[in-house]
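Can you build the whole structure from these sequences, using the hints too?
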Amino acid sequence: NAGVTQTPKFQVLKTGQSMTLQCAQDMNHNSMYWYRQDPGMGLRLIYYSASEGTTDKGEVPNGYNVSRLNKREFSLRLESAAPSQTSVYFCASSLSGGGYEQYFGPGTRLTVT
Amino acid sequence: QKEVEQNSGPLSVPEGAIASLNCTYSDRGSQSFFWYRQYSGKSPELIMSIYSNGDKEDGRFTAQLNKASQYVSLLIRDSQPSDSATYLCAVILYGNNRLAFGKGNQVVVIP
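Protein chains in written order, with our numbering: chain A, 1 to 113; chain B, 1001 to 1111.
Everything labelled a hint here was simulated from the structure, so no lab data went into it. Among these hints, one or two may not hold up.
Negatives, chain A to chain B, calculated, CB over 12 Å [as the list claims (entries may be wrong)]:
#  : residue
1  : LYS14
2  : THR15
3  : GLN17
4  : GLU52
5  : THR55
6  : GLU59
7  : ARG72
8  : GLN85
9  : GLN102
10 : ARG109
11 : THR111
Examples of chain A residues toward chain B, derived with CB under 10 Å [claimed, not checked]:
#  : residue
12 : GLN6
13 : GLY42
14 : ARG44
15 : GLY58
16 : ASN62
17 : TYR64
18 : VAL88
19 : PHE90
20 : LEU95
21 : GLY97
22 : GLY99
23 : GLU101
24 : PHE104
25 : GLY107
26 : LEU110
We put the CB at the ideal spot given by N, CA and C, even for glycine.
If you want it as C-alpha cells, here you go:
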C-alpha cells in the first residue's frame, strides 16, 4: 500500500497562474484533508471532505477550491496564485472524521513568484 | 489562548537520556490527542495517539494525558540520534471536530 500520495512534489508558479494539486489514498479512508504548513504558523487546515460527495472549509480556505473526485482522490486548486500561497501543502486522510488518526502524504512544496 | 500550545524552545538531549515534551490545549471537551514526528523536509508521521487519562506506552515513547489540567506530554526514553526531529502535538477540537496542531518542538539528540 502506498498510503497517501501527492503530485507534484515541487512547483513554481508565477503570480496569477493556476494549478491543481492532486492527492490519492489507497487505505479506503472516508475523510480527506488539505493543510498548508508555513514557518512559525504550524499546520493549518484549508479544506476537508468528511466523506465522498462532501467538502467543507477549514481555517484558511480563501484562494482555494477543492474537488472530491471519488473516495480515493481529493484535489486542491489554486485559481490565481499569489505569493502568500507559497507554502508546503500536505494532504491527509482518516478512516472517518472525528477522533480518528490522520495520515499524511509526502507534501508539495509550492513557490509563487 | 491558543488552541494547542507547545511553548518550549529547541530541546537538546544527550544520547540515551529522556526527552520530555509538553503540550496544553484550550478546548476542555477535546477527547482525542496525537503526537506526530516530522523530520526536516518530510511530512508529519503519527507516532502516538491517546484518548484516556493516564499513560500510554509504545516502545520508547510514552504519552501522558491529563484532561483535568488540559495537558498532554510525550516522553522519549533512551533517546537516539534518529529521534532528532520536530514533534507536533495535535488535538481534535470538540467544538468542530477539527484537528488543531501546535507549532512543534524541535528535539536534537547529541551523540
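Have a go at the A/GLU101 hint: is there a Cβ in chain B nearer than 10 Å to its own Cβ? holds (5 Å)
The output says A/LYS14 does not contact chain B. Does that hold with a beta carbon cutoff of 12 Å? holds (24 Å)
The hint names A/GLY58 as touching chain B; please verify it with the least Cβ-Cβ distance against 10 Å. Since the shortest Cβ distance to chain B is 7 Å, the answer is holds.
Hey, does the A/ARG44 contact hint survive, CB to chain B under 10 Å? For A/ARG44, the interface hint holds, since the closest Cβ of chain B sits about 8 Å away, which is under 10 Å.
Check the non-interface label on A/ARG72: least C-beta distance to chain B beyond 12 Å or not. Nearest chain B Cβ is 18 Å from A/ARG72, so the label holds.
Cβ separation check - A/GLN85 to all of chain B, threshold 12 Å: holds (19 Å)
Taking the least C-beta to C-beta distance, is A/LEU95 closer than 10 Å to chain B? violated (12 Å)
A/THR15 non-interfacial with respect to chain B [C-beta, more than 12 Å]: holds (25 Å)
Restraint check, 10 Å cut-off on beta carbons, for A/PHE90 near chain B: This hint holds: A/PHE90 lies near chain B, its Cβ roughly 6 Å from the closest one there, short of 10 Å.
Can you verify the interface hint for A/LEU110: is its Cβ closer than 10 Å to any Cβ in chain B? Hint on A/LEU110: violated, closest Cβ of chain B at ~14 Å, above 10 Å.
Evaluate the condition: distance from the CB of A/THR111 to the nearest CB of chain B exceeds 12 Å. holds (15 Å)
Can we keep the A/VAL88 interface hint, with Cβ of chain B closer than 10 Å? Holds: closest Cβ of chain B sits about 9 Å from A/VAL88, inside 10 Å.
Violation of the numbered hints given earlier is confined to hints 6, 9, 10, 16, 17, 20, 26; the remaining hints are satisfied by the structure.
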